[in-house]
Amino acid sequence: QQQVKQSPQSLIVQKGGISIINCAYENTAFDYFPWYQQFPGKGPALLIAIRPDVSEKKEGRFTISFNKSAKQFSLHIMDSQPGDSATYFCAVGGSNYKLTFGKGTLLTVNP
Amino acid sequence: DAEITQSPRHKITETGRQVTLACHQTWNHNNMFWYRQDLGHGLRLIHYSYGVHDTNKGEVSDGYSVSRSNTEDLPLTLESAASSQTSVYFCASSGGQGITEAFFGQGTRLTVV
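Chains A and B are the protein sequences, given in the same order. For the first sequence, the residue numbers in my numbering are 1 to 111. For the second sequence, the residue numbers in my numbering are 1 to 113.
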């Protein structure tokens, strides 16, 4: 059973637009919801993370929206830039320290 | 600066050979993880360790093994390489109180021919 469902698989956005990537999870025991960014040839790197005691977290142009009752969370990239073109992974984690990742979204921001 | 390094970055091996991928971290993290990344599958957990002499199986552990003899290193061994194990392998580590950020290495691209 897939514990984390991420959509869309790929996304093309114009420069200055808003990119939105969604994730849904099954297990209510998860209490850590990070987003990772990966550039070609590099390892994933933490972009932003949220815990279930808040519904939104913003860091610069990046925002996580979290809906605990719906078991969904999303990443919003405002004013998307060509440098944001990368693969984005959502993940879920809990008390066992393991992260389970979504399948990833390839974001392309056209200039 | 603390870091996590993997070696080699690229490797080509033949079917049936034993292969070991190295992972070394200087964060002094207790938790270490091995993932494989394949198109359409994202990152899947192979094995993980919470400390010295501790190892645990992840969701895709068949054909792989790990050992943890010290805090810094978690080598991943493919006992008898198969073409299905052609992939990009990432090592990660995390530490601190509760679940926190995992730091990833640069990856090892393994091709089994």
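Heads up, a few of these hints could be off.
[To be verified] In the DSBU-like style, the derived pairs of lysine-lysine whose C-alpha atoms are separated by at most 30 Å in a straight line are: (1) Lys-11/B <-> Lys-68/A; (2) Lys-58/A <-> Lys-5/A; (3) Lys-15/A <-> Lys-98/A; (4) Lys-98/A <-> Lys-5/A; (5) Lys-57/B <-> Lys-58/A; (6) Lys-57/A <-> Lys-98/A; (7) Lys-15/A <-> Lys-58/A; (8) Lys-11/B <-> Lys-57/A; (9) Lys-71/A <-> Lys-11/B; (10) Lys-71/A <-> Lys-103/A; (11) Lys-11/B <-> Lys-42/A; (12) Lys-68/A <-> Lys-98/A; (13) Lys-98/A <-> Lys-71/A; (14) Lys-15/A <-> Lys-5/A; (15) Lys-58/A <-> Lys-103/A; (16) Lys-57/B <-> Lys-42/A; (17) Lys-103/A <-> Lys-57/A; (18) Lys-57/A <-> Lys-68/A; (19) Lys-58/A <-> Lys-11/B; (20) Lys-103/A <-> Lys-68/A; (21) Lys-68/A <-> Lys-58/A; (22) Lys-5/A <-> Lys-103/A; (23) Lys-42/A <-> Lys-98/A; (24) Lys-57/B <-> Lys-71/A.
Derived from the structure by calculation, the hints contain no laboratory data.
- Message: Run the distance test for Lys-57/B versus Lys-58/A: straight-line Cα separation, threshold 30 Å.
- Response: violated (35 Å)
- Given pair status - Lys-42/A, Lys-11/B, alpha carbons within 30 Å: holds (16 Å)
- Holds or violated: Lys-68/A to Lys-58/A, with C-alpha atoms at most 30 Å apart: Holds, at roughly 17 Å.
- Item | Hint consistency between Lys-68/A and Lys-98/A [alpha-carbon to alpha-carbon, up to 30 Å] | Judged against 30 Å, a Cα distance of about 20 Å means the pair holds.
- Within a Cα-Cα threshold of 30 Å, do Lys-58/A and Lys-5/A meet the stated pairing? Roughly 22 Å between the alpha carbons, so the hint for Lys-58/A and Lys-5/A holds.
- Query: Is the straight-line distance between the alpha-carbon of Lys-98/A and that of Lys-5/A 30 Å or less?
  - Reply: holds (17 Å)
- Item | Distance restraint between Lys-11/B and Lys-68/A, which requires alpha-carbon spacing of 30 Å or less | violated (43 Å)
- Message: What's the verdict on Lys-58/A and Lys-103/A, does the C-alpha distance respect the 30 Å limit or exceed it?
- Response: Holds: Lys-58/A and Lys-103/A sit about 23 Å apart, inside 30 Å.
- Below or equal to 30 Å on CA atoms is what counts here, so check Lys-71/A against Lys-11/B. This hinted pair is violated, its Cα atoms lying about 40 Å apart.
- Message: Checking one constraint from the list: CA of Lys-42/A to CA of Lys-98/A, max 30 Å. Satisfied?
- Response: Holds, at roughly 21 Å.
- Please work out if Lys-57/B and Lys-42/A have their alpha carbons no farther apart than 30 Å. Holds - the C-alpha atoms of Lys-42/A and Lys-57/B are around 25 Å apart, at most 30 Å.
- Item | Restraint status (C-alpha distance of Lys-98/A to Lys-71/A at most 30 Å) | Between Lys-98/A and Lys-71/A the Cα gap is close to 18 Å, so the pair holds against 30 Å.
The structure does not agree with the numbered hints 1, 3, 5, 8, 9 and 19 stated previously, though it agrees with the rest.
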